[in-house]
Amino acid sequence: MDNGVNSNTELVSIQNLSFSRGDRKIFNDISLTIQRGKITAIMGPSGTGKTTLLKLIGGQLYPDRGKIFVDGQNVHQLKRSDLYTLRKRMGMLFQSGALLTDLNIYDNIALPLREHTALSEPMIRTLVLMKLHAVGLRGARTLMPNELSGGMARRVALARAIVLDPMMIMYDEPFTGQDPISLGTLVKLIKAFNNALGLTSIIVSHDVKETASIADYIYFLSDGKIIGKGTPEQIKNLQSEWVQQFMKGDADGPVHFHYPASDYHKDLLNI
Amino acid sequence: MAPFISTTLLAIIIKIYLIFKIIDSMIHFFQSLGNITLSSFAKLGRSSVFLIQTLTGILSVIPRPALLFKQLYSIGVLSFLIITISGLFVGMVLGLQGFNILSDFGAEEALGVMVAASLVRELGPVVSALLFAGRAGSALTAEIGLMKATEQLSGMEMMAIDPIKRIIAPRFLAGVIAMPLLAALFSSIGVLGGHMVGVSMLGVDDGAYWSQMQANLDFQDDIINGIIKSIVFGFVVSWIALFEGYDAMPTSEGVSRATTRTVVNSAFAILGLDFILTALMFGDI
Amino acid sequence: MQNTKTQDILVGLFVAFGIAALFFMAMQISNLNPLSKENVYTITARFENSGGLKIKSPVSLAGVRIGRVANISIDTSSFESIVEMHIESQYQLPDDTSASIFTAGLLGEQYVSLEPGGSEEFLEPNGVIDITQSAIVLEEVIGQFLFKETAKD
Numbered sequence: 001m002d003n004g005v006n007s008n009t010e011l012v013s014i015q016n017l018s019f020s021r022g023d024r025k026i027f028n029d030i031s032l033t034i035q036r037g038k039i040t041a042i043m044g045p046s047g048t049g050k051t052t053l054l055k056l057i058g059g060q061l062y063p064d065r066g067k068i069f070v071d072g073q074n075v076h077q078l079k080r081s082d083l084y085t086l087r088k089r090m091g092m093l094f095q096s097g098a099l100l101t102d103l104n105i106y107d108n109i110a111l112p113l114r115e116h117t118a119l120s121e122p123m124i125r126t127l128v129l130m131k132l133h134a135v136g137l138r139g140a141r142t143l144m145p146n147e148l149s150g151g152m153a154r155r156v157a158l159a160r161a162i163v164l165d166p167m168m169i170m171y172d173e174p175f176t177g178q179d180p181i182s183l184g185t186l187v188k189l190i191k192a193f194n195n196a197l198g199l200t201s202i203i204v205s206h207d208v209k210e211t212a213s214i215a216d217y218i219y220f221l222s223d224g225k226i227i228g229k230g231t232p233e234q235i236k237n238l239q240s241e242w243v244q245q246f247m248k249g250d251a252d253g254p255v256h257f258h259y260p261a262s263d264y265h266k267d268l269l270n271i
Numbered sequence: 272m273a274p275f276i277s278t279t280l281l282a283i284i285i286k287i288y289l290i291f292k293i294i295d296s297m298i299h300f301f302q303s304l305g306n307i308t309l310s311s312f313a314k315l316g317r318s319s320v321f322l323i324q325t326l327t328g329i330l331s332v333i334p335r336p337a338l339l340f341k342q343l344y345s346i347g348v349l350s351f352l353i354i355t356i357s358g359l360f361v362g363m364v365l366g367l368q369g370f371n372i373l374s375d376f377g378a379e380e381a382l383g384v385m386v387a388a389s390l391v392r393e394l395g396p397v398v399s400a401l402l403f404a405g406r407a408g409s410a411l412t413a414e415i416g417l418m419k420a421t422e423q424l425s426g427m428e429m430m431a432i433d434p435i436k437r438i439i440a441p442r443f444l445a446g447v448i449a450m451p452l453l454a455a456l457f458s459s460i461g462v463l464g465g466h467m468v469g470v471s472m473l474g475v476d477d478g479a480y481w482s483q484m485q486a487n488l489d490f491q492d493d494i495i496n497g498i499i500k501s502i503v504f505g506f507v508v509s510w511i512a513l514f515e516g517y518d519a520m521p522t523s524e525g526v527s528r529a530t531t532r533t534v535v536n537s538a539f540a541i542l543g544l545d546f547i548l549t550a551l552m553f554g555d556i
Numbered sequence: 557m558q559n560t561k562t563q564d565i566l567v568g569l570f571v572a573f574g575i576a577a578l579f580f581m582a583m584q585i586s587n588l589n590p591l592s593k594e595n596v597y598t599i600t601a602r603f604e605n606s607g608g609l610k611i612k613s614p615v616s617l618a619g620v621r622i623g624r625v626a627n628i629s630i631d632t633s634s635f636e637s638i639v640e641m642h643i644e645s646q647y648q649l650p651d652d653t654s655a656s657i658f659t660a661g662l663l664g665e666q667y668v669s670l671e672p673g674g675s676e677e678f679l680e681p682n683g684v685i686d687i688t689q690s691a692i693v694l695e696e697v698i699g700q701f702l703f704k705e706t707a708k709d
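Residue numbers (our numbering), protein chains in the order written: chain A, 1 to 271; chain B, 272 to 556; chain C, 557 to 709.
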């Protein structure tokens, strides 16, 4: 391949990506690769554009500069129909679940099958129930999305993301705002799906403990740059003060507790 | 002399300062005018692209009538009550007012014509479109805006399902179909309401009510033109409502603003277009 | 699925009511005669003065509406008003039919009233009515009346 991508081992390759929103640079010339069959985590504080990165990979946003290859294809040069074909092989789990509020659980999961395949209704039923069973919500199929707890909604969304048997799943903050039990369930499911279905997983998260427990490889993003990468073991021994502050959750460090402001005393005295 | 010089000097300085201030505020004014112009052009462009995508998306709705039926329910059936009740009252008021005016000229027999002509030509299409914008249009904007805010639209895109085809186009088509039906219901029930007041309560002759109406209203000129108006209004209101939702800032404040904009812009569009259409259809302009 | 069924029924009812309303408007409000366009023939009458007659004003025979005024123009040489009328083809008129312009009530609209003669021949399509009586212009009548009254004194 002339694009420098080894598509046997790399599923996603991001090369010299730059993206800005208005005057703000979200990404400044970053490059990273996602290995096939592995769980790769992209970590960083809130507001570093981690979700934006997933949308760039999915071709929903266009970069200012740089290229993104998914399975050897340059996402942003694909025709619309080819992009849609590619997207059928990518699952994405949104933070909110993004379930369609006017359909019940069963119909939500059946939606991609009904839209993209010519399967018969009995066949669709079998597939939907299998996926629902896998996330433990077979009994909840007639509920509407607004009747679900956040954790359940995310599990339904997970079932929907795998219903077309994709090659990769992108998880957008899967652990945020979950109680310990649903957290444990999600961690277990992500790990199990990755291994059992031969998926490639990309997790975008700022939850250190859970992410580190299942990730094979971690990238750290801050201020539009990659400031650290490695396996969870390597990360622990990384010299970067920033990464250590992030991993330990210290209040002050290279990332200051205070938003940039003028001198405190002067400000109080209103000079 | 010294204080005199200094006061004139001061006056000159103040004048220069004021001139700069005025120039500055003029620059500011032109800047914001330019900004508004540019952003409204950008919005016009986005909404045109949106409309074209929606219209092509309608092709993929036709083989799946179930999607359309669902929207006809939430757009048409749920607007049924407000339209029919408003139509009844508007017709009754027309009957009452018309009777009072016409009886001064001894022309009560013309009550049917007056009620029917005002309903079929103007009030039916316009009032039902305004009600439609308030009832169904605002609901559409809020629904689409919330779908955007809760990532449902980009979720669909990531599932390789085009939200324009799956979500927008059926709603648009349902709006364009429902609007003329609602306007026809409004006018018909209004005519019956006028009959109720004029004939049953005020004693206008039943035969005169209908025959004058039939003799003076023309199918082509009055009925068809009224229907064309309501189709145009349905098209425009659905377009505005869906676009405002689709273009809304994905926050609760953004959605609520978009909903307000839908009602306001729809009202402007309906009344402005009504004048243009009336001038084209009935006027000699 | 019960839910979908009631929804479909309600949508069906809504559409049925809407179409019924459209029919109501066509038939009851505007009295649409679907074949009226094809089923007419044209006759012409010349009036000295067609008064307040307008396009679409009714044309009646013995008090029954049998057609409408289709066009009003002026003959530039004789300065007469030429009134074209569409008459429903089921009504055949004798060729010595006369036409007058009357007013329905004191302030009502003006219409053409046809008075059939005794001829055996019928008016052909595009035929011309020769015997006409112009519209009575209220101001003229009042003027004549006042003139007579003052002349008496």
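It is worth saying that the hints were derived from the structure and are not from the lab.
Quantities reported herein were computed from a predicted structural model and do not represent experimental measurements.
Here a beta-carbon is modelled for each residue, glycine too, at the ideal position from N, C-alpha and C.
There may be inaccurate statements among the hints.
Using C-beta positions, here's what the derived DEER-type ranges look like [to be verified]:
#1 377(B) / 646(C): 29 to 37 Å
#2 150(A) / 562(C): 28 to 36 Å
#3 377(B) / 560(C): 39 to 47 Å
#4 150(A) / 553(B): 53 to 61 Å
#5 619(C) / 377(B): 19 to 27 Å
#6 368(B) / 682(C): 39 to 47 Å
#7 522(B) / 60(A): 39 to 47 Å
#8 522(B) / 223(A): 21 to 29 Å
#9 305(B) / 60(A): 25 to 33 Å
#10 635(C) / 352(B): 55 to 63 Å
#11 644(C) / 81(A): 26 to 34 Å
With a cut-off of at most 25 Å between alpha-carbon atoms, the simulated BS3-like pairs for lysine-lysine come out as follows [what the hints assert, rightly or not]:
#12 55(A) / 341(B)
#13 55(A) / 225(A)
#14 561(C) / 341(B)
#15 225(A) / 236(A)
#16 266(A) / 38(A)
#17 38(A) / 55(A)
Outcome of the hint check:
1. 377(B) / 646(C): 29 to 37 Å: Check passed, 35 Å falls within 29 to 37 Å.
2. 150(A) / 562(C): 28 to 36 Å: 32 Å, holds
3. 377(B) / 560(C): 39 to 47 Å: Check failed, 57 Å falls outside 39 to 47 Å.
4. 150(A) / 553(B): 53 to 61 Å: The hinted range 53 to 61 Å holds for residue 150(A) and residue 553(B), with Cβ atoms some 58 Å apart.
5. 619(C) / 377(B): 19 to 27 Å: 21 Å, holds
6. 368(B) / 682(C): 39 to 47 Å: 46 Å, holds
7. 522(B) / 60(A): 39 to 47 Å: 19 Å, violated
8. 522(B) / 223(A): 21 to 29 Å: Holds - the Cβ-Cβ distance for residue 522(B) and residue 223(A), about 25 Å, lies within 21 to 29 Å.
9. 305(B) / 60(A): 25 to 33 Å: 31 Å, holds
10. 635(C) / 352(B): 55 to 63 Å: 60 Å, holds
11. 644(C) / 81(A): 26 to 34 Å: 59 Å, violated
12. 55(A) / 341(B): 31 Å, violated
13. 55(A) / 225(A): Measuring from Cα to Cα gives roughly 17 Å; hence the hint holds.
14. 561(C) / 341(B): 11 Å, holds
15. 225(A) / 236(A): Holds. Residue 225(A) to residue 236(A) sits at ~20 Å (cutoff 25 Å).
16. 266(A) / 38(A): 52 Å, violated
17. 38(A) / 55(A): 20 Å, holds
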